[in-house]
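> Below, each chain spelled out in residue letters.
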Amino acid sequence: MSKDKSEYLINRKDNQYEVVIGLEVHAQVTSESKLFSTSSTKFGAEPNTQVSLVDAALPGMLPVINEYCVKQAIKTGIGLKAKINKRSVFDRKNYFYADLPQGYQISQFKDPIVGEGKVILDMPDGQKEVGIERLHLEQDAGKSIHDLDPKNTFVDLNRSGVALMEIVSKPDLRSPDEVNAYVKKLRSIMRYLGTCDGNMQEGSLRADVNVSVRKKGTKEFGTRCEIKNVNSIKFMQMAIEYEANRQVDLIEEGQSIDQETRLFDTKKNETRSMRSKEDAHDYRYFPDPDLLPLEVSEDFIEKLKLEIPELPDEKKKRFIEKFKLTPYEATILVSDNETSNYFENVIKKSDVKLATNWIIGELFAALNEKNLEITESPISAGNLSKLINLIKDGTISGKIAKTVFENMMEGDKDPKKIVEEKGLKQESDPKALEALIDKVIDDNREKATEYKSGKVKLFGFFVGQVMKVSGGKANPQLVNEILKKKL
Amino acid sequence: MSIDLKTIKHISKLSRISVDEKKAEKLAGDLNSIFEFIEKLNELKTDNVQPLTSVAETTLKLRDDEVKSKNLREQIIKNSPQENEDYFVVPKVIE
Amino acid sequence: MSDITKQSLSELIKNIKDKKLSSTEVTKAFVERSEKSKELNAYVTEDFSAAIDKAKKFDENPNLDLKLPGIPMAVKDLFCTKNVKTTAGSKILNNFTPTYESTVTQNIWNEGAILLGKLNCDEFAMGSSNETSFFGCVQNPIDKDLVPGGSSGGSSSAVAAQLTPITIGTDTGGSIRQPASFTGIVGLKPTYGSCSRYGIVAFASSLDQAGPMAQNVRDCALLHEVISSYDEKDSTSIDFKRNNYVKELTNNIKGKKIGIPKEYRVDGMPKEIEDLWKKGIDYVKDCGAEIIDISLPHTNYALPTYYIVAPAEASSNLARYDGVKYGFRADGENLIDMYEKTRSEGFGAEVQRRIMIGTYVLSSGYYDAYYLKAQKVRKLIKNDFDEAYKKVDAILTPSTPSSAFKIGEKTNDPVSMYLNDIFTVPVNLAGLPGISIPAGHDAKGYPLGLQIIGKAFDEQNLLNIAYAMEEKINFKNKITDWWIK
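Residue numbers (numbering that gives the first Met the number 0), protein chains in the order written: chain A, 0 to 486; chain B, 0 to 94; chain C, 0 to 484.
What the hints contain is simulated information worked out from the structure, not anything from laboratory work.
Some hints here could point you the wrong way.
[Stated by the list, open to error] Each computed EDC-like pair below joins lysine to aspartate or glutamate, with the alpha-carbon atoms no more than 20 angstroms apart:
(1) B:K77 to A:D98
(2) C:K16 to C:E34
(3) B:K44 to C:D367
[What the hints assert, rightly or not] Here are some chain B residues the structure puts well away from chain C; computed CB gaps all over 12 angstroms:
(4) I10
(5) E20
(6) D64
(7) K69
(8) E84
For glycine and all other residues, C-beta sits at the position ideal for the given N, C-alpha and C.
Model the full structure from these sequences, guided by the hints.
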């Protein structure tokens with residue numbers, strides 16, 4: 000453990016505890032139809048309108064696997080720098096629940112489609128490698144609605160059978176911040192690949208969080224508890240904090256931790272036990288006899304490799320090397336494919352430094368305020384590029400540019416037109432400026448004298464006056480230069 | 000190896016079939032005689048044998064990502080034990 | 000009594016094509032005979048008036064190019080038939096009407112056949128005597144209070160009693176071949192993957208196959224041609240070139256090598272069965288084929304293997320019968336209570352037994368010792384056949400260790416009931432095709448069958464051997480219509 004890295008520790012009177020976290024992320028595949036059936040996967044449909052005979056587990060119905068889902072799982076595996084298993088097996092995970100119509104979930108147990116891999120996180124104090132144990136394909140379950148009726152549960156099977164990729168990390172995470180970075184990185188990679196849209200509000204991405212604690216310095220893992228189905232990063236972080244403290248408290252009291260499944264209560268912000276020990280599930284996994292082992296050829300995998308776009312890590316490296324961005328800037332710009340594409344489009348014809356600052360600064364702020372994604376940006380990359388060029392060539396000042404920018408946010412207009420229409424061109428003619436400045440100094444003789452006798456702060460006053468008199472259009476750089484000379 | 004009442008009760012819980020004492024005893028008797036018969040397999044040494052995955056001499060066929068089943072709600076819910084046009088209705092689980 | 004019902008399928012088709020008979024006449028004849036035969040209890044659901052309507056409609060505009068033009072047919076109640084109740088012989092599906100059709104039955108209707116009704120069977124195909132059906136026992140038309148075999152007991156009884164010219168059954172461990180043997184008819188279990196399982200109520204997915212049950216081998220070949228097809232909706236369906244089974248049917252099997260497996264000579268095998276087998280060997284030689292002694296060393300382990308694999312798969316396949324989406328539901332105080340009551344009341348004793356066995360052999364701590372072990376032994380059994388088929392083209396064995404027994408005779412002893420399948424089970428475990436043809440009678444005059452086992456996808460050869468032997472055997476089924484008053 001590096002002493003340089005800031006550690007997340009739970010402190011008690013005499014002891015310090017480290018938190019060990021492993022995540023099982025469930026990512027919904029971006030397919031049109033389900034994993035083993037031909038009904039739609041669209042979010043938000045009327046209940047039970049996206050349920051096929053196979054989904055409803057009617058007698059005699061059989062699963063047939065969706066090729067697209069297989070491809071997305073392999074592509075994701077490639078993105079996770081993981082081993083692709085040419086032969087994998089689908090197993091039945093047997094248990095009874097109202098939203099599980101077959102009485103079993105088709106999943107992969109012993110032979111998953113993807114093996115070990117890794118994900119690199121960019122943390123403030125350096126890079127961290129998080130190991131991936133495996134990725135497998137499985138069916139999602141339907142939805143049980145408990146609050147429509149006091150005595151009954153209502154079941155909607157629309158989601159039943161949708162393809163999920165379960166990505167299991169090694170227990171390498173050590174803090175809520177790392178979990179945040181990990182989930183965001185996974186999401187980013189999958190969005191780049193187009194294999195999962197990572198929309199947590201719609202449930203496309205959720206996680207089971209495994210938490211255990213151990214005294215700092217110990218090598219053995221403590222008993223872990225699993226917090227199931229957490230559907231936002233914020234909740235994951237809160238759950239981890241609560242759970243870690245709960246476990247530490249128990250240990251401090253001399254008690255042992257029961258290995259159990261827990262839920263995060265989003266209203267009370269605490270975890271609570273989900274199942275008693277008696278109902279411990281015995282899933283009785285066995286290979287699904289309605290399906291044969293999945294075999295993919297080297298050729299099949301190679302073809303998919305060709306479809307992989309430049310991924311975040313590679314793109315970040317390239318941005319730093321080619322465009323001389325700082326790691327911080329690069330990380331932000333590659334966090335999703337749409338942003339990096341936008342950036343690269345803007346810098347095609349304009350200054351990189353300015354583009355970086357304007358995108359990360361003004362644009363992101365404006366989009367956030369209006370709750371828009373970059374794909375919904377009112378300002379096109381082309382027009383932002385033009386705006387930046389107007390600044391660079393001195394046509395407008397940075398300050399004026401902000402006004403133009405605000406205007407452009409109302410509707411994607413050519414900045415040149417806006418500058419013309421509103422007469423916002425900055426005054427950069429040295430002669431004209433000299434004349435203005437002379438007049439200002441003239442009108443403020445006393446202050447000029449004060450300045451010359453040492454009141455340096457008055458410089459700003461003069462700059463302000465010049466800007467006021469020029470209607471904000473005076474070229475600030477030139478004003479500064481000329482004022483300095485004249486005062 | 001013998002299957003006792005405790006095991007019968009455990010299996011019946013797993014398979015969601017209720018058993019009373021009498022039924023459990025009969026089942027234990029039946030299962031024990033069946034398992035005596037099955038134990039014969041222990042005579043065979045199978046350490047180096049690969050388990051059979053399927054007798055179907057073919058590979059798993061992959062299907063196109065097409066939506067073919069559209070709005071079958073009426074068909075799906077038609078045979079449902081409870082009257083409700085939109086949902087399947089079941090008694091609540093006790094958490 | 001009409002002579003129409005005495006005709007074979009092939010004869011009826013010829014007469015309809017030659018316009019000597021109409022579909023309406025034929026259908027009415029079978030309906031009439033079926034209505035007089037309720038004592039056999041072969042039917043669970045009768046669709047007689049609809050059948051006659053369909054027959055009339057067919058006659059208005061008959062398509063005589065079809066393979067089963069206007070032929071009435073009842074089918075085992077394990078095939079989902081659209082808008083016609085499908086029960087699988089169980090209380091838990093007693094109120095279930097599918098909105099879809101199984102691929103196999105759709106193939107049959109596409110060739111012009113007409114549904115007469117659904118035939119009784121052991122519950123969820125689990126049984127060897129049709130005594131586990133929720134709808135009661137089926138009578139074997141051979142003699143009163145005799146079992147027709149199972150699980151396709153209603154099917155075998157109906158064909159033997161000529162309530163339907165032909166039918167389809169399903170076979171997981173012998174459920175077509177054993178009842179065929181008990182009732183003196185022909186039953187074929189095709190190679191695994193030959194017929195689609197889509198729309199067939201699943202028992203054991205890696206073993207189930209649909210197949211024809213007929214009065215003679217030619218009829219059997221005809222129906223097999225119709226039902227065997229590649230189906231994209233079944234991932235275990237196999238796309239192979241299927242023969243024109245009827246056109247290529249021949250009794251010339253000169254030079255074919257037929258294997259006699261010594262391990263099938265089981266301890267305590269009744270002399271009659273032994274004698275029948277010997278006679279079978281003579282018939283084979285008579286046909287110009289060669290007899291070769293072979294060994295299938297793991298034969299004795301087939302039944303225990305089957306009674307692990309089949310219940311394991313069944314326990315999972317039957318988990319969907321939970322009262323939530325369809326079928327019988329018992330009232331419960333909460334979800335788990337509802338599940339337990341529904342399944343205890345909805346399933347019969349044999350089904351519950353097998354679900355328990357299956358759940359146990361898959362459970363934590365036992366999976367390796369039972370299920371995994373069984374799948375390994377299954378490999379050994381398949382290897383036995385692969386080895387044997389390097390030397391022979393087909394294998395000849397008895398179909399059953401005895402003739403039909405009395406209703407109630409074996410219901411108290413599950414193991415003794417399971418032993419009925421001793422000769423048929425290895426064939427399912429290896430995924431091979433097998434056919435039972437009636438070959439003789441025992442001292443009581445009850446039919447006995449011989450089984451021929453073929454190579455995978457080699458149904459043509461299998462049918463040819465059966466066809467040749469059938470000619471030599473010249474079996475006559477003794478049906479006295481005792482149940483018709």
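> Please go over all the hints and tell whether each is borne out by the structure.
Hint check results:
1. The suggested pairing of B:K77 with A:D98 holds, with an alpha-carbon distance near 18 angstroms, which does not exceed 20 angstroms.
2. Distance check on the hinted pair: C:K16 and C:E34 sit about 27 angstroms apart at the alpha-carbon level, beyond 20 angstroms; violated.
3. Only pairs whose Cα atoms come within 20 angstroms are accepted, and B:K44 paired with C:D367 is accepted, the gap being roughly 13 angstroms.
4. A cut-off of 12 angstroms between C-beta atoms contradicts the statement that B:I10 is not in contact with chain C; the least separation is 5 angstroms.
5. Remark: the non-interface label on B:E20 is consistent with the geometry, its nearest Cβ contact in chain C lying 14 angstroms away (cut-off 12 angstroms).
6. Its beta-carbon lying about 14 angstroms from the closest one in chain C, B:D64 satisfies the requirement of being farther than 12 angstroms from that chain.
7. Separation of B:K69 from chain C is adequate, the least Cβ-Cβ distance of about 14 angstroms exceeding the 12 angstroms criterion.
8. Every CB of chain C lies more than 12 angstroms from the CB of B:E84, the least distance being 14 angstroms, so the non-interface label holds.
In this structure, the earlier hints numbered 2 and 4 are contradicted, and the remaining ones agree with it.
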